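Colleague: From these two lone chains plus the hints, build me the complex, please.
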Amino acid sequence: MGSQGNKYERIAEQKKLRRAWRLRRFTFFFSLLFRISSILVIILVILLHRMFIGPSPTISRMLTMTLTETSALKFVPHLFMSEDTVNRIIDSSRLIEPEEKTDTSLIQIVKYNPSDNKSPEEASAEQSIPEPIKIETVIGATYKGYMMIVSDPSRVFLGVTNEYFNGGGKRIDDLAAKYDAVGGINASGFKDENGMGNGGSPIGMVISEGKLLRSTSSHTIAAFDENHILHVGKFTKEDVEKLGLRDGAGWGPALVVNGEPAETPVNTTGLNPRTAIGQRADGAVLMLVIDGRHPNSMGATYSDLIEVMVRYGAVNACNMDGGTSSTLLYEGERLSHTTTLNSCRSIPTAFLIRREATNSEP
Amino acid sequence: MSRKPITYARYFQREKSYRAFRGTITFILILAGVLFLLHAESRLSEYEASQPEKRIAEFAELLKNGDEKALAMLPDDVLLGGENPVTEETYIVNRITEKELTWHEKVQTNPDRIDFDLMADGEKIALIELAKAEKTNASNYDQWEVSKITASVKPAHLASDVLIQLSADDFSSLIAGANEEDFPRDSASALENELKAFALKKRVTLVQLALSEDSSLMYQYRADDTPLATVQIAESGKDDGASWELTVVSFDCLNAASVTIRVPASAKVTADAETLDSSHIVAAGLSHDYAAYVPEDAVNPVDFSEVEYRYTYFYQAPEIKAYAEDGREYTLVETESGKYTYQLISSPELFPDTDERILQATDTIANFLVGLRKLNQVLKYVEKPSAAYDIIDEYDNWRSVQAGSARISDFTINSIVPLGDNCFAADIRANFFVAYSGKNQTEHSIGYTFFFRKVNNQWMIYNLLSR
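Residue numbers (our numbering), protein chains in the order written: chain A, 1 to 362; chain B, 1 to 467.
Some clues are possibly wrong.
With a straight-line Cα cutoff of 20 Å, these simulated PhoX-like cross-link-like pairs (lysine-lysine) come out [as the list claims (entries may be wrong)]:
1) B/K54 - B/K132
2) A/K7 - B/K4
3) A/K242 - A/K211
4) A/K16 - B/K4
5) A/K234 - A/K211
6) A/K101 - A/K237
7) A/K15 - B/K4
8) B/K148 - B/K132
9) B/K106 - B/K124
10) B/K16 - B/K4
11) B/K16 - A/K16
12) B/K106 - B/K54
It is worth saying that the hints were derived from the structure and are not from the lab. None of these values were measured; they are calculated from a predicted model.
If we strip away everything but chain B, and leave its shape as in the complex, we get (with noise of 0.2 Å):
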């Protein structure tokens, strides 16, 4: 059997088929490796959505946000804290405000289940719970679930949660409850400062205290060094230290401060001794000692054996005096009706230290007229600087505006008004001569109130008004 003879023709041919064989293989191979990398990039992706560790950092966000998803999230059956009544998602919430939130899973033996550890700033403050979700077809890997939470409620944990409710609010409450029509308008405003400025600096702290005689915990609240209440924490039963209950609040109605303090329907409340039961609350708002507040959705009549309910205690004001123009002399006072309001005490003709506040304010006002048009020659005499900015921006924008030299070439102060031991107001009226472009020189007269403050012995600019 001879072989077909082979021609140019076919030899041709045959090359041309090689080639076109060699070129289908390579597109198939090249076609087959796209989709392959395609199919392997959603499936990294899919893998990387899968991961449990994503769902408890999405979860830890949501939730850190408080936002509404996060709290929608939480099962009904949420355990905070076992049968502790402190069972509002709330309590995790403010627990982790403004912390770091991180996590590590435990241990696994249930290949159905994981479990992490919710730690705010190292601190554990949750046992979360992942269960395995029904697959779907949307993806091929396991899909998982926060399926129950419990807090880690443990004393510290509980009573410090009554601290966190403890805000400078409260104690600008004081303020925001003052009638301002009865005080001189001009000082209200530099006295609000100065009285916000007082409530933030007060710093709340919680000391334990011993045992009392019963076992439980003791903790006490201070503003700064003085007691403003006394918490009883007590261990309800169960021995894993997450089921404690705070039993007693009681206040010390003797120092200055306004608390709110959530507790249990089942806590004893005591006011100077006096306890304080659901009889109070009937009679919230009317009494000029106390006002509790009872949750908007408390169910109507009110239960009190089942609903939490939170104490709104008053204490007496701090001794909080102003000073007018004229130099009378103020304080704030309770009214019956629960208000503050500014009460007349006396008008001493002047006050000793007057002098040496014009020379020093004299002296400031001087050093930041001069320093104006460098801004940081003239924030060191200023406690706000966003306070400066104004009338350095009216002081930038007028002089370029007549697009020639100006400078403030002197001033008188008008007056000085006495607002409180650490602050007071001055009128200054000033001069400012301008050489414009055009060779003209002109004198303007302009006005400015400067509100000075004390801060670490030292009078500073707190704020500018223009006139």
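Pulled out of the complex, with its shape left as it was, chain A reads as follows (with noise of 0.2 Å):
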């Protein structure tokens, strides 16, 4: 009976040893996960502090630019910064945009001649013209992205939600299917405060198929004449009168105006996902995203938008809303990386273009 107690008694020690055993593995594992999360936490927050007040005043203005760019994470910086520094960097950065006029005598637009009843795809075949639309890869060192040329510009003008912009925003892709067009760019920046705007309600001028939808003159301009030449700078009301222009969205800086390019600061821009529009001087109209935020692309300044643009020839050109905006759409297919979780982001505006030329001569 005795050995029999003692049996139970080893069952019932052994059950709670166990079970002892069971809840200390598992306050082990939490406790050695919260240790490995601190530790990360911390390098992170001392890495952090040396890169916004570390030995490289260069990579603590492209941070905190990077940062302050973004409507989600621009509190960053201020975590490390006082106001005042971090204001003095946001000034130092401002790109000084070229004041002058858009001077149309640069653009000559070349005119083509498609045989009758074929499209402007037929007809480059046939002869040796430029491809009505061109893509490009566009690699940097800190980016990648893609310059889609297009070279009638008269194929090019903006497309909005609706004329009163009630409502959300849309994708592109449904902005390009309201339309039947091959494809496009962003276009305004919209108002978005702490990323959770529903990109319904653009910022800065907007005109779409020759109507004044919004007449604010607040920000630089990229819109195309009746003449299909694109002007950029900063227009009131009259001006869109008096220079005909048919379609346009705000948002800017300039970056070349009649072949200058806008005088870079001292110090860099931060690294963006980034959207621009351009013009040739043969009228094709340069499409320009360039992806960012990942790990094949951190993204670009306004001085390597700048370049690319030169590079590409372009007489005019302007940037277009940045960020999670920054979606090239072709043919139905998003060719540009969007840094959203789900799809790209609702917008009001894009550069859209149509399947054929219209019939306004220049």
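Modeller: Dropping the structure here:
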């Protein structure tokens, strides 16, 4: 009887010890996990501190500008630097935009002679004329992107969600589908507080298919006139009528005006996804989208955009909304890699490409 | 298959092993983190050091200070103004002294090259090209070296470069050449000060004249409103604005000044329409009309078609008068050897305004001596405050040593010596009254020479000498 009792006691003790060990193992696992996470967080904080206030002012400026250009992470530099320092960096990174008006005589639009009833693509195959739409990969030290060259500027126009911008924005593929467009790039910036905007309310002037939909002249705009020449600069409502602007969106800054690149600041801007539109002397429209915020392509600065645009022969060029909005669409496929988790963002406007040229003679 | 029975000993053994495992992982992570942060720190420093802007900043700083390192960094084929003969590094150095240097990167189309505009006070003075140097094992980042410099030589720059060389030294060389032994010593230093002040007051300006018949640009140098010389600058064929040449220099011999102008060998130099050429250089130092200067490093015999030479042209000296204690009048004249000396002109009895000077000086000296115990009261009578500090220090030291109260009780002006229209010296003798702490009282006799200058129609003390 006594040995039987000892056996039960041993079994009970075994059960107790096993239960205690399971619990102990569980706490060990979480304590280890907590230690690893804490160490990683401390390392990250020290690393960020050294990047903001460390031996490299260049890195500090670049990181500050990269983060302040975002909607959701612009608070981070303020954790490590004073308000004054952040503002000083932002001020010193501002691009000095050329103030002159667009000289339309610098653009001589080359006309094609497509055979009757043939699309530009078919005509291009028959004649030794540039491809109507050509897409090239653009690679730099910190970025990878796409340049879409549209040889006929009359095909480029501004697509909008609706005339009153009520409701949210649309994804670029929805905008392209609405207008049956071949492709396009995002255009206007929009109200996006804390990165939670619905992309419905554009900032700056908006002109679509000859109608002035938003007349705010606060931002630099890129707009095509009735002769399909791209104007870049700040325009009033009166200027829009005087110059006969048909399609345009506001954001900026101006990158190249009349062949003169904007003066880049000593301090660089941040590395971010970017979108820009420009026009060559032969009238071809340059649509540039740079990927960013992922390991293959961190992003580009304004200086990088200017360099690419100048290299492609832009006479006039303007920066458009960047960051998560940057998207290039061609034949229903998004070539650029967006930085959002759930496909691309909703936007209010996009520069789109018609399937065929308009009949209006430049 | 039954599980192994667990005992307290095994329980604690396991717990010990887990603790050791956790501690090891934590230690490794901390160690890896520290190493990572140290590595990141060095990479950040390295990245900063490799920035092209950093290179330009260092270079500009050295260049600005005229540091030999910066000049040595200039490559042999450095171009300053294309084919323009102004090819000395000093051209840029001259242009940036005392100016704020800034630079901005130009749009790059070649990944192996970066161009910067270098600006002094916002004015573009040079284009500096950086080329990618070969990567070294010491750095993970690209290294950049200054590969070429092209100065922005615009016509006005070239002309103003000549202007830079005109300085107060040129004017005061008149004084340096004067033979003081020929002039009463007491008055010489005061006169010298006055002459320097006169020279410094001249504002040399550069005025662009109309285009000449052959479309070259003409500039005139003026000391205040007096024309000194006219220079002509012509374009030498290129249309990038970077190849202008100083071709003609015409001195205006009638006006008083000394002008040094460095000109290219090919330039035509005239003095009162007489062309100066290499034969004049051979005679350098012999002619009393002008002296030409050949650089010391010029080859011998000098090939005048190659060297760039510098003309120093002495015009007639300005009419400078000096007055001795007894009222004799002197003037500065040039000797045959090209030096200057003072020559007696006349011995007038008295100066008409002497009485007025004595009155004003008495007033000023009295106020100065009364206010001596308070620096701010004294300084308003003194043009050059540093001169007043000596006497104040002397007064304070003396008073503190005696450990009593002291004041200047009375004074007399022994003599007034006019040293020109705007300058005179006054000898004073004063009684220094001291009340020692031990109640003893005594008076000391002290003497000073005050030098006065007229500033805004007011006689101010310019200097003091203790006797």
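Colleague: Mind checking the alpha carbons of B/K54 and B/K132 for me, to see if they're no more than 20 Å apart?
Modeller: This hinted pair holds, its Cα atoms lying about 14 Å apart.
Colleague: Is the straight-line distance between the alpha-carbon of A/K101 and that of A/K237 20 Å or less?
Modeller: holds, 15 Å
Colleague: Does the alpha-carbon distance linking B/K16 and B/K4 stay inside the 20 Å limit?
Modeller: Judged against 20 Å, a Cα distance of about 19 Å means the pair holds.
Colleague: When you check the alpha-carbon spacing of A/K15 and B/K4, does it fall within 20 Å?
Modeller: holds, 12 Å
Colleague: What's the verdict on A/K16 and B/K4, does the C-alpha distance respect the 20 Å limit or exceed it?
Modeller: holds, 15 Å
Colleague: So if I understand the rule, the pair passes when the alpha-carbon distance is 20 Å or less; does B/K148 with B/K132 pass?
Modeller: holds, 12 Å
Colleague: Against the 20 Å threshold, does the CA-CA distance of A/K234 and A/K211 hold or violate the hint?
Modeller: holds, 18 Å
Colleague: Checking one constraint from the list: CA of A/K242 to CA of A/K211, max 20 Å. Satisfied?
Modeller: holds, 14 Å
Colleague: Is the straight-line distance between the alpha-carbon of B/K106 and that of B/K54 20 Å or less?
Modeller: holds, 16 Å
Colleague: Given the proposed pairing of A/K7 with B/K4, does the C-alpha separation stay at or below 20 Å?
Modeller: Answer holds: A/K7 to B/K4 is near 15 Å, not above 20 Å.
Colleague: Hey, B/K16 versus A/K16, does the alpha-carbon distance stay inside 20 Å?
Modeller: Holds: B/K16 and A/K16 sit about 19 Å apart, inside 20 Å.
Colleague: With the threshold set at 20 Å, check whether the alpha-carbon distance from B/K106 to B/K124 stays at or below it.
Modeller: Holds. B/K106 to B/K124 sits at ~13 Å (cutoff 20 Å).
Hint compliance for this structure: every hint is met.
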